[in-house]
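Asks: Protein chains in written order, with the UniProt record's numbering: chain A, 1 to 554; chain B, 1 to 232.
Be aware that a few hints might be false.
If we take Cβ atoms under 7 Å as the criterion, some of the chain A residues that face chain B in the derived model are [to be verified]:
no., residue
1, 162
2, 163
3, 221
4, 308
The following label-pair restraints were derived from C-beta to C-beta distances [said to hold, decoys possible]:
no., chain 1, residue 1, chain 2, residue 2, range
5, B, 45, A, 359, 55 to 61 Å
6, B, 95, A, 470, 51 to 57 Å
7, B, 47, A, 353, 50 to 56 Å
Straight-line C-alpha distance at most 27 Å; calculated DSS-like pairs for lysine-lysine [as the list claims (entries may be wrong)]:
no., chain 1, residue 1, chain 2, residue 2
8, A, 100, B, 212
9, B, 178, B, 47
10, A, 156, B, 117
11, B, 117, A, 201
12, A, 156, B, 212
13, A, 452, A, 353
14, B, 81, B, 178
15, A, 100, A, 156
16, A, 156, A, 509
17, B, 50, B, 178
18, B, 212, B, 117
19, B, 81, A, 353
20, A, 100, A, 509
21, B, 178, B, 117
Derived by calculation from the structure, the hints in this document are not laboratory data.
From a predicted model like this one, the values you see are computed outputs, not experimental measurements.
By construction, the Cβ of each residue, glycine as well, lies at the ideal position given by its N, Cα and C atoms.
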Amino acid sequence: MSLERPDSVDDAAVERTPDEIEALLGDLVVDRDDHLNAPGFVIRPDTVQETLRTLKEQAGYDHLSVVSAQEYENRYESIYHLKKYDDPTQEVSIVVPADKDHPVSESAEPVFRTADWHEREAYDLIGIEYDDHPDLRRILLPETWQGHPLSMDYDKDRPQIATLPAHANPLEEHHKDAESDTMFLNIGPHHPATHGVLHLKTVLDGEQVADVEPDIGYLHRSEEQMAQSGTYRHQIMPYPDRWDYISAGLLNEWAYARAAEDLADIEVPEYAQVIRTMGAEMCRIAAHMLALATFALDINGDFTATFMYAINDRERVQNLLEDLTGQRLMFNYFRLGGVVWDLPEPREEFFSKTRDFLDQLPESVEEYHNLITSNEVFQMRTIDTGILPPEVAKNYGATGPVARGSGVDYDLRRDDPYGYYDELDWDVVTEDGGDNFSRLLVRMREVEESAKIIEQCVDLLEDWPEDERNIQANVPRTLRPDDDTEIYRAVEGAKGELGIYIRADGTDKPARFKIRSPCFSNLQTLPEMANGEYIPDVIAALGSLDVVLGEVDR
Amino acid sequence: MSSDQPFITDESQVVTETRDARMTGQGDRFNSRLREAFGSSPFILTKFDKFLNWCRGSSMFMLQFGIACCSIEMMHTYAVKHDLDRFGSGVPRASPRQADVMIVPGTIVSKFAPRMKRVYDQMPEPKFVVGMGSCTISGGPFQEGYNVIKGAEEVIPIDIHVPGCPPRPEALVYGVVKLQERVANGEAAPVTVKPYELEEFSDLERDELVDKLADQIDDDELVMRYNFADSP
Chain A
1 MSLERPDSVD DAAVERTPDE IEALLGDLVV DRDDHLNAPG FVIRPDTVQE
51 TLRTLKEQAG YDHLSVVSAQ EYENRYESIY HLKKYDDPTQ EVSIVVPADK
101 DHPVSESAEP VFRTADWHER EAYDLIGIEY DDHPDLRRIL LPETWQGHPL
151 SMDYDKDRPQ IATLPAHANP LEEHHKDAES DTMFLNIGPH HPATHGVLHL
201 KTVLDGEQVA DVEPDIGYLH RSEEQMAQSG TYRHQIMPYP DRWDYISAGL
251 LNEWAYARAA EDLADIEVPE YAQVIRTMGA EMCRIAAHML ALATFALDIN
301 GDFTATFMYA INDRERVQNL LEDLTGQRLM FNYFRLGGVV WDLPEPREEF
351 FSKTRDFLDQ LPESVEEYHN LITSNEVFQM RTIDTGILPP EVAKNYGATG
401 PVARGSGVDY DLRRDDPYGY YDELDWDVVT EDGGDNFSRL LVRMREVEES
451 AKIIEQCVDL LEDWPEDERN IQANVPRTLR PDDDTEIYRA VEGAKGELGI
501 YIRADGTDKP ARFKIRSPCF SNLQTLPEMA NGEYIPDVIA ALGSLDVVLG
551 EVDR
Chain B
1 MSSDQPFITD ESQVVTETRD ARMTGQGDRF NSRLREAFGS SPFILTKFDK
51 FLNWCRGSSM FMLQFGIACC SIEMMHTYAV KHDLDRFGSG VPRASPRQAD
101 VMIVPGTIVS KFAPRMKRVY DQMPEPKFVV GMGSCTISGG PFQEGYNVIK
151 GAEEVIPIDI HVPGCPPRPE ALVYGVVKLQ ERVANGEAAP VTVKPYELEE
201 FSDLERDELV DKLADQIDDD ELVMRYNFAD SP
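Input sequences plus hints: build the corresponding full structure.
Replies: Printed below as a string of C-alpha cells:
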C-alpha cells in the first residue's frame, strides 16, 4: 500500500459547485438537466460506471440513494441520485437516457453494490435493461409476468399467470462432488420470523448458512402507480401511511409532504411544524417499540413478556396519536402546507396525557434493559453476530438505525434539517459495534431522544400565543407544478432515509412518483451479515434490520 | 395413623373458612352451580353435532398469519388490552396444520395468492376464514393496482368480513366472536371439501398467454391464473 494519501480523501469533504463537478466529469457530461434539489448531468448510457466511479472516488459522493427510472414519449431514463454520507445536502443527479426501442444502459452495480436491487426494480417495472448487471431478473413481480407495469403501453387488464415453484438448490451445480451435502431451505413467505411476507431462499451447509437470498414482492401493492393516479392536493396523502405501516404513518406522510411542498414552493407555518415534529416522534417511538418487541420474540420465543410490555407502551402512544389525529394506525393527518386540524381540545388534557406518557417512559426503558439487553441469553445471541462493517453498510446504501448501529453518523433530521428539528436540543445516536445488539441499542436510545424532542415540543405548544396558532398555509385548491420539474427529497423515517422522487408534467397528478424505501436498501445487506453464520443468527440479523415488507415491496 | 386426638395446628396461620368448608362438605366442588342448574340429574341430553359445534366454537385456534398493515392491529388484538384469548380464540399457531381459523390481514397480490391458497389447503378441516380489512373485501385502497387481487374471496372462501382500513382491534374481536357464534350455532358449514386446489399448468385452457409461457413453465408446476379484465 502506498503511504501517500490519495487526493480523493482530502477532496471528499469539499463542497463543489455544479460547474466544478461538470469540470471534474469533463467529456462525460453531454448535457445539463438540473433538478430542484440538485444539479443534474446527462451522460451517455455506456459511461455510467466511469461517471459514478469518478464522483465516488474523487468527489466523495459515496451514497447512492436511489435509482429512479421512467419512460418518456421519446426515451427511457434512469436517474442516479447521489449524496454524501457526511453531508447529505450535497447532492448530484446523474441522468442516463436510453434508447426508446431498445433501452439498454450500463449497470452501476460494480461501483455501488446497492444498485443491484434498484436496477432490477427498474427493469421489472419500467423495462430498462442494464448491461453488465450480475443478475438481471424480475424482483417484485412473478418471473412469468407479462409486460412492465409502469411503462407507457402496459395493459392492466391482460391476464397473468403466477407460479408456485418448487425451488432448486442454487449451489448444487457448484458442489457436484459427493462430499458436499448442502440443503435448501425456504424461510417464508409465511413464517412468523419474517415479519410479514418475506421469502428467504437459504442454502445450509449443516447448521451454517452457505447462501441466503431474500425474495421479495409478496406485498407489492403498486404504490407508485396509486400515487401517480392521485392528485397532489389530497389523493396521495393517505397512501404513505400504508408504506411503513408500523405506526410510522406521520413520518411517511412527511416524506411526501416535504417533497410536494418543495416542488410547489409552499411554506409551512411554524406552529404546524412543531405539531408535525411532535407527532412524527411519537410515531418513531411506536415503531421502535414494535421493532424491539418482535426482535425479542425472534431471539427467543420465551420473550413473550417483553412483547406484551412493548405492545402496552405502543398502546399508550397510539392513544395519544389517536387523540391527535383521530386514527390509531393510518393517520392521514398531514396536509400540504400544514396539518389537518389543531391539537385536540381541551389542550391541557392532551398535554398532561403526553407528559404522563413521557414521565413513565424512562421507567419502561429501564424495564426493557432489565428484560432483554442485560439478559445473558439475549447477549449471547446478539453480541458479535450479524456484523455489518460501516464501509459495507455505505456501499449498500443502508441508512437509519442500521447504519447508525454500524457507526455511520447519518441522520437526516440533523444533516438535512426539516420541520422544527434544528431548533431543538437532541442527539443523534450511534453505536460502533455493527452487530445485532448495537442496532437494538440504537433503537432503544433513539426512543429516549424522541421523548426529549416531544417534551420540548409540548413546552413550545403550551406557550404558543393563541392568535398565532396557524396550522395551515394558503395552498391553491389544485396544484399544478410546472412541466418537467423534478425533485428528490428525503426525510428520516423510522427505518432510515425515506425519499420521494417526483416529476411533474404540468397536470395535477405526478408523471412519475418514485419511493426510496429505506428497508429496500437495508434488506439488501442481509446476505453480508448472514453468510457463514448459523441459521438462528440469520433470524436475529433479519429481526435487527427491522424491515417492514409494505415498504420494501411498496 | 389413627388417633382420638385430632391433628392440632396453629389456627391463626391458615384460612380456616376454607378448611371448614372442606370438612363439612359445603364447598364440595362437585356441587357446582352448573350442576344446580341441571337439577338432580348429572346428565345433559343433546345432539352430538350440536355439542361438537359448541366445542368448535368455544375453542378456536388461529393461524399466525401476517400479511400487511392489518396484521399490526391483529397483533394488538392478541396482546394486552384487547386480549382475544378472553373469548377462547387467542392461541396463534405458527403452523397451518394446527389451526382452525385463518385471519387474512391484508392485501393479496399476484405473487402471494398461490402461497396463501397453499397455506389454506394445509389447514385441516373444518376450517374458517376471517377476512380482515377492506383489501380482503375488494382490494381496498389498492383496488386499481396492477398487481392486486380484488379481494381474498377470489382465492379462498371467506366466512366473515371485517371492514375497515384497518379495522380497530375491537372490530376484529367482534368479527371473531360472530364467527364463533355462527360455528356454535352450526351456521357456518363446518365440514365441506371445497374445490379450491391449485391447478397445474397443463390444466389451463390453451390460449395465447399459455402458449407463450409454455417453454418457461413445466407442465406439472402449480399455477394461478388471473383474469384481471373479469375482476370486479
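Asks: Does each hint hold? Answer for all of them.
Replies: Hints, one by one, checked against the model:
Hint on residue 162 of chain A holds. Least Cβ distance to chain B is approximately 5 Å, under the 7 Å limit. Given hint, residue 163 of chain A at the interface with chain B, holds; its Cβ is 5 Å from that chain's nearest Cβ, closer than 7 Å. Annotation: interface hint on residue 221 of chain A holds; nearest CB of chain B at approximately 5 Å, less than 7 Å. Of the supplied interface hints, the one on residue 308 of chain A holds, with its beta-carbon coming within about 5 Å of a beta-carbon of chain B, less than 7 Å.
In this structure the hint that residue 45 of chain B and residue 359 of chain A lie 55 to 61 Å apart at CB holds, the actual value being about 60 Å. For residue 95 of chain B and residue 470 of chain A, the hinted distance range of 51 to 57 Å is satisfied, since their beta carbons lie about 55 Å from each other. Between residue 47 of chain B and residue 353 of chain A the CB atoms are about 53 Å apart, so this pair conforms to the stated range of 50 to 56 Å. Taking the CA atoms of residue 100 of chain A and residue 212 of chain B, the gap is near 24 Å; set against the 27 Å cutoff, the hint holds.
Between residue 178 of chain B and residue 47 of chain B the CA atoms are separated by roughly 22 Å; this keeps the pair inside 27 Å, and the hint holds. Proposed proximity of residue 156 of chain A and residue 117 of chain B is supported: the alpha carbons are some 23 Å apart, at most 27 Å. For a cut-off of 27 Å, the pair hint linking residue 117 of chain B to residue 201 of chain A stands: about 20 Å separates their Cα positions. With a C-alpha separation of about 18 Å, the suggested pair residue 156 of chain A and residue 212 of chain B falls inside the 27 Å cut-off, and the hint holds.
Pair hint residue 452 of chain A plus residue 353 of chain A holds up; C-alpha atoms about 16 Å apart against a cutoff of 27 Å. With a C-alpha separation of about 20 Å, the suggested pairing of residue 81 of chain B with residue 178 of chain B holds against the 27 Å cut-off. Proposed proximity of residue 100 of chain A and residue 156 of chain A is supported: the alpha carbons are some 21 Å apart, at most 27 Å. Distance restraint check for residue 156 of chain A and residue 509 of chain A: the Cα-Cα separation of roughly 19 Å lies within the 27 Å cut-off, and the hinted pair is therefore satisfied.
This hinted pair checks out: residue 50 of chain B and residue 178 of chain B have alpha carbons roughly 17 Å apart, not beyond 27 Å. For the given pair, residue 212 of chain B sits about 25 Å from residue 117 of chain B by alpha-carbon distance, which is consistent with the 27 Å threshold. For the hint pairing residue 81 of chain B with residue 353 of chain A, the CA-to-CA distance comes to about 18 Å; that is within 27 Å, so the pair holds. Pair hint residue 100 of chain A plus residue 509 of chain A holds up; C-alpha atoms about 24 Å apart against a cutoff of 27 Å.
The straight-line distance between the Cα atoms of residue 178 of chain B and residue 117 of chain B is roughly 24 Å, inside the 27 Å bound, and the hint therefore holds.
The structure shown violates none of the earlier numbered hints.
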